[in-house]
Structure formats: structure tokens, C-alpha cells
Amino acid sequence: MRLKLSILIAKLAGTLSKRLLRKSGETIPGRVLLSLYSRAITILSQNRKIICVSGTNGKTSTTKAIVEIISKLGSVTTSPSGSNLDRGVATALMKKSEYAVLEVDELHLPRIISEAKPTAVLLLNLTRDQLHRMHEVKRVADKWAVAARNAPETIFVGDVDDPFVALTLNSAAQSLRVSFGGRKHLDGAVCPSCGVYLKWSRNNYKCPCGLTNSNPDELFEAGTAAYRNATLANVTGKLLGGKAIAINEQALERSVDRDYNGVKANLRLTKNPASWAEALHSVTGENVILIVNSREVDGIDTSWLWDISFTQLSGKRIIVCGERALDIAYRLHVEGIEAEITSNFDGAISKFAEGSFVHVLAAYTAFHELVSA
Amino acid sequence: MSQIRIIRIHNELLGTYGDQGNAEVLAFRAKFHGITTTITDVGYNDPLPTNGDIYLLGGAEDAAQLLSLEALQRGDNLNILHFAIERGAVILAVCAGFQIIGNKFWANGKEVGGLRLLDVHSVPGDKRLVGDIKTISTVLGFELTGFENHMGRTILGPTAQAFGKVITGNGNGDGKFDGAIFGNIFGTYMHGPILARNPELADLLLTRATGRKYAQITDPLALKYATWRRKVIK
Chain A
752 MRLKLSILIA
762 KLAGTLSKRL
772 LRKSGETIPG
782 RVLLSLYSRA
792 ITILSQNRKI
802 ICVSGTNGKT
812 STTKAIVEII
822 SKLGSVTTSP
832 SGSNLDRGVA
842 TALMKKSEYA
852 VLEVDELHLP
862 RIISEAKPTA
872 VLLLNLTRDQ
882 LHRMHEVKRV
892 ADKWAVAARN
902 APETIFVGDV
912 DDPFVALTLN
922 SAAQSLRVSF
932 GGRKHLDGAV
942 CPSCGVYLKW
952 SRNNYKCPCG
962 LTNSNPDELF
972 EAGTAAYRNA
982 TLANVTGKLL
992 GGKAIAINEQ
1002 ALERSVDRDY
1012 NGVKANLRLT
1022 KNPASWAEAL
1032 HSVTGENVIL
1042 IVNSREVDGI
1052 DTSWLWDISF
1062 TQLSGKRIIV
1072 CGERALDIAY
1082 RLHVEGIEAE
1092 ITSNFDGAIS
1102 KFAEGSFVHV
1112 LAAYTAFHEL
1122 VSA
Chain B
112 MSQIRIIRIH
122 NELLGTYGDQ
132 GNAEVLAFRA
142 KFHGITTTIT
152 DVGYNDPLPT
162 NGDIYLLGGA
172 EDAAQLLSLE
182 ALQRGDNLNI
192 LHFAIERGAV
202 ILAVCAGFQI
212 IGNKFWANGK
222 EVGGLRLLDV
232 HSVPGDKRLV
242 GDIKTISTVL
252 GFELTGFENH
262 MGRTILGPTA
272 QAFGKVITGN
282 GNGDGKFDGA
292 IFGNIFGTYM
302 HGPILARNPE
312 LADLLLTRAT
322 GRKYAQITDP
332 LALKYATWRR
342 KVIK
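Chains as they are written, first to last, in this note's numbering: chain A, 752 to 1124; chain B, 112 to 345.
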């Protein structure tokens, strides 16, 4: 079937899904297009500049920041929010534009790189996440490294304080190595390049095989994940000729303020040990709701809750809910922290008096439900 | 014995799948019994403590598993484990750790010799086994739940006994049994961590380590959590 006809059918499918099924209509067109015309991503990527953003945490917000920078240079299409598999990419590419800024899932990245032949790929970080699907962190990094080796025309930008990102950049013909002065990595005990015990001195690593975060191309001061992602967005934008934008950390941390009948809530996305650690630092108030789910995108296993220390929440009023409320409640219990268990978010938020402020740390699916409500 | 030394072996290497929680649950349950505990983290370059009562190993990626094996074969470490077993210390080894204490296993595409503490050997399967698992422990007589995520197929030798009979999931790979036991050495593919989901097993390990019987603990939340997992995993 011809590409133009396939796009027409795919768009129709999207409209029908939106009208009849009341779905977002974001992944259906891409899915239909790819089934009708498997080379669609390759063809639709021609004659435009593509930027891919991938990593465990920060993809969506960093993609948005790059879109903001690039939109001053020309027309831009981007992935529908959070839809980062091949179908989301295909949906985005159906719109004509000079630039496309694509958020890409870690496991889908190699395919997208080989088909879309991006101008630049930004790699934010790689840590343990959804291991039922990723299986092993190193497995994902190895796939990235092969993809980078096979893409000599693409420049790879990344935070080399993360050894897995450094491995990928080392495999690329063109790279821009960014460092924030080094930082500890939960999965950094083994050199992903040669397999020996990785030597760290404070926050920096240096392996005899050559893998290191020293001698970066650009060095910035240390900061929060949101600040790092904004900086990386600016570095990538500059490569394409864009002007740096001011760093708005709150916009980049996937946190949203909401009011529930006079209870002020700050909702924050927490989906793996690294994002939980980051979010727990931001909890300054006395009231907390924790929501843990275990659907496919949340990770169907909850063992990783034991990688996180929740002692920072000690002494606060904590209410837990979600499908895996008991898992988080018991994890807290063993750390000597008692939480109230409720069956859902409405029940949890109604326990707080009007005028109070609550931190809500929510699993991926719960965060999206709350934000879109 | 009023104090128990829990030794968490190479958590920096064997901590990928949340198994470090096993040490915390042991310490937490021990408190109910009036036992004080210490948790010692042993790093890759550290010698193993000689006087541990419970030694724990967790799940890992291949390269990390090989580094842990190498470190445990270094210096006196293996002798220390042999002596510990002789004086009745407990070993709980999960997933990659379970394979390490066996006779041989595969990692990074090649076969390597293990510590030979448990009469099992592991080979790679053709497909990764990922999902909830429920067994009934043949030796202990109660149900266990957890989460498995591995490529390994583990075959038991004549002196090892299966840890659990599989109700749901795959376990050692044939869908019939999970893990292995010999004396106070326990091997399993169950994450969760296994002691968080099955607090009775934590109590049993404490009993085995001290040789004492303890009164039943009342911890409604632990019971509720364990019971719920056993119910939802059909």
C-alpha cells in the first residue's frame, strides 16, 4: 500500500478511536500506520532534522524543553506526551515539519535510531526500572551501544556521570560528553564496558579500560535531576543552532499543583528507585500520600521498593493507596514508619483538612490519572 | 544467643532485584523475639566476617554475579563459609546468588564453577522467566510467594532437596519445583523480597540460626500482606 493512503487510513483510525472509543487517539494512528506500512518511520524521517530523547527518568519533560528551544528555529512535531514506543513516534512523524523532537522508550531507541537516522540523540540516564521488561540495566546499555556504533551520522549527547551513558557515547563516532561533576549511581558497581569492579573515588569513576566521567566536553555544576535535564536540553538545542532557555526546575520535575476541595496538593511522578530518591528530597511538608500501582508501565513487580530508604518520611502523616498499597505500607513498617492504608486517592485526600498541604508521590499510572482528571 | 549477626554479601553487586530487604526483615522480626541484630554489608574487596549467623546473597546481572563469585573464591572466604555451615549458620541465596552457591552455572555466555555449597547446577534456558510465583514449601509446610525474573534452569543433585513445589510460575525452570535446601542452606529464585512476602520463613531462619524456638509473633500488617499475596497469586 502507498504511504499516503496508509497515513490517511491511520488518521481516520485515530479520529474514530477518539470519537467512538473516547481514547486519546495518540497511539492508534501510529499503530495502524506501522501495520500498513512498516517502513513509515524511515520514509517520514527523511528530509527533516530528528532529535531523540531517551533515558530512565526525565524523558517527557526534557523533550518538552527541547521542543521549546527548537520551535524558534522552525516548525516542530513532537511525540504525544508519554507515548514513546514506535507507534508514538510514527504518530508524531505523520505531521509535516522541519524538525521532530521524539521521546523514545529505552528499548525502542535502537530501532528508532536505525530507521529515523536522527541528527542528535540525547541520553539522560540509565538506572534500574521496570526490570520485568528491561530485565537488566546492562542489557539495555549494550543495545544502546550497538545502536550508537551503527549510527556514524548521529551525534550522541549525554550525561557521562552515568557509566551506561558513557559506554554508549564511547561507542558513537560523534559524541558530546556532558558532566555535572560526578554523582553516585545505584547500578554503578560494575564497569559496563569491561565487567571489572568499577573504581569510584567519591562521585567519579575511572576504569582501567578507559571508561570514565573525567575530561567531559562540557562541565556544569551539580544540581537536581530537573536542572541536569534542562541543562542537557540546552546543550542539545545549541547543537542544532537554538538559543538556551531559562531553567524552570518545577516544570521539569513532572510535578503538578492541584486543589482538592481546599486541600492543596503537589503531585509528583515516582516510578523507580532513582526518581523516588529525587522526590523524597523534595518532601518538606508534614502530610504525604504515596500511591503505588503495578501495571505494565509501573513495573509489575514491587521488589524495588526495598531499594529505597523512606526514613526521611519518619514522623510525618503518611497515607498509602493504590493497587500495591500493602507493599509500600509493609516496606515502611519494617523501617519503623507507620502509614494509614486507604483503598483509593479520594479516600486518602479526604483525610486532610481544608487548607492543609499534601505531597502526593504517585506511580506512573496513578500520576497520569490524577493529572488528566 | 541474644544477638544475631546478619551478613549481607556483596549487596553492591547482588542488590539489583531488591533482595537487600531480606536483611531488614530478619532484623525487624528478630526484634519481636527480643533478639538484637547487626547487619554487616560486605563489599567486593572486604573479607567475609567469620562469625556470621545468617549469610545472605541476592540477585544480580551476569557481570556482577561473576565478580561476586570471584570475590568469594578469594583468600579465606570460601573456607569461612564452609566453617559457618559446619557450625550451623544459615545461608539464604536468591537467584544469581542461588546459582553462585551451586556446583556450576552460566554467565556471560560461558560455564563457570560455583562454590559447591549446594548440590545444584544451572544452565541458561531459551526464554526468560518473569512473573509472580507461588510454591508450597515441601519441607516447611507453608505457601511461599514471590517474583521471579531469570534465565536460569537449575537442576538438583542427589543431596539437595527442592525448596518448594510450584503452584504458579516456573521456579527452577520445569514449572515443578523452586529452589533447593540442604541443611541450613536455602536457595530460591524468589524475589519480593522473599522474607518480606513470607515472614514465617524469616522466623524459621532465625530459629535455625539460633537453635531456639520462639513464640509466635503478632504483626497484623505482615500477616495481612503475606495472606493477600498468597490469595491474589492463583
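Quick caveat, the hints were computed from the structure, so don't treat them as lab data. Incorrect hints may have been included.
[Unchecked claim] From the derived model, a few chain B residues whose C-beta atoms are all more than 12 Å from chain A: (1) Asp173; (2) Gly186; (3) Ile196; (4) Gly199; (5) His232; (6) Arg239; (7) Phe253; (8) Ile266; (9) Leu306; (10) Asp314; (11) Arg319; (12) Arg323; (13) Leu332.
[Claimed, not checked] Sample of chain A residues at the chain B side, in silico, Cβ under 7 Å: (14) Val941; (15) Asn954; (16) Cys960; (17) Asp1052; (18) Val1085.
Using N, Cα and C, we set each Cβ at its ideal position, and we do this for glycine too.
Against the structure, the hints come out as follows:
1. Asp173: For Asp173 of chain B, whose nearest Cβ neighbour in chain A is about 8 Å away, the distance does not exceed 12 Å, so it is violated.
2. Gly186: Holds: least Cβ distance 15 Å, greater than 12 Å.
3. Ile196: It holds; Ile196 of chain B is separated from chain A by about 26 Å at its closest Cβ, greater than 12 Å.
4. Gly199: Correct as stated: the minimum Cβ-Cβ distance to chain A is 26 Å, above 12 Å.
5. His232: holds (22 Å)
6. Arg239: violated (6 Å)
7. Phe253: Holds: least Cβ distance 18 Å, greater than 12 Å.
8. Ile266: Nearest chain A Cβ is 22 Å from Ile266 of chain B, so the label holds.
9. Leu306: Contrary to the label, Leu306 of chain B does not stay out of reach of chain A, its closest Cβ about 10 Å off (not over 12 Å).
10. Asp314: holds (14 Å)
11. Arg319: holds (21 Å)
12. Arg323: holds (22 Å)
13. Leu332: Incorrect as stated: the minimum Cβ-Cβ distance to chain A is 5 Å, not above 12 Å.
14. Val941: At about 5 Å, which falls below the 7 Å cut-off, the nearest Cβ of chain B leaves the hint on Val941 of chain A intact, so it holds.
15. Asn954: Constraint on Asn954 of chain A not satisfied, violated at 15 Å.
16. Cys960: violated (12 Å)
17. Asp1052: Holds, about 4 Å.
18. Val1085: holds (5 Å)
Violated hints for the displayed structure, listed by number in ascending order: 1, 6, 9, 13, 15 and 16.
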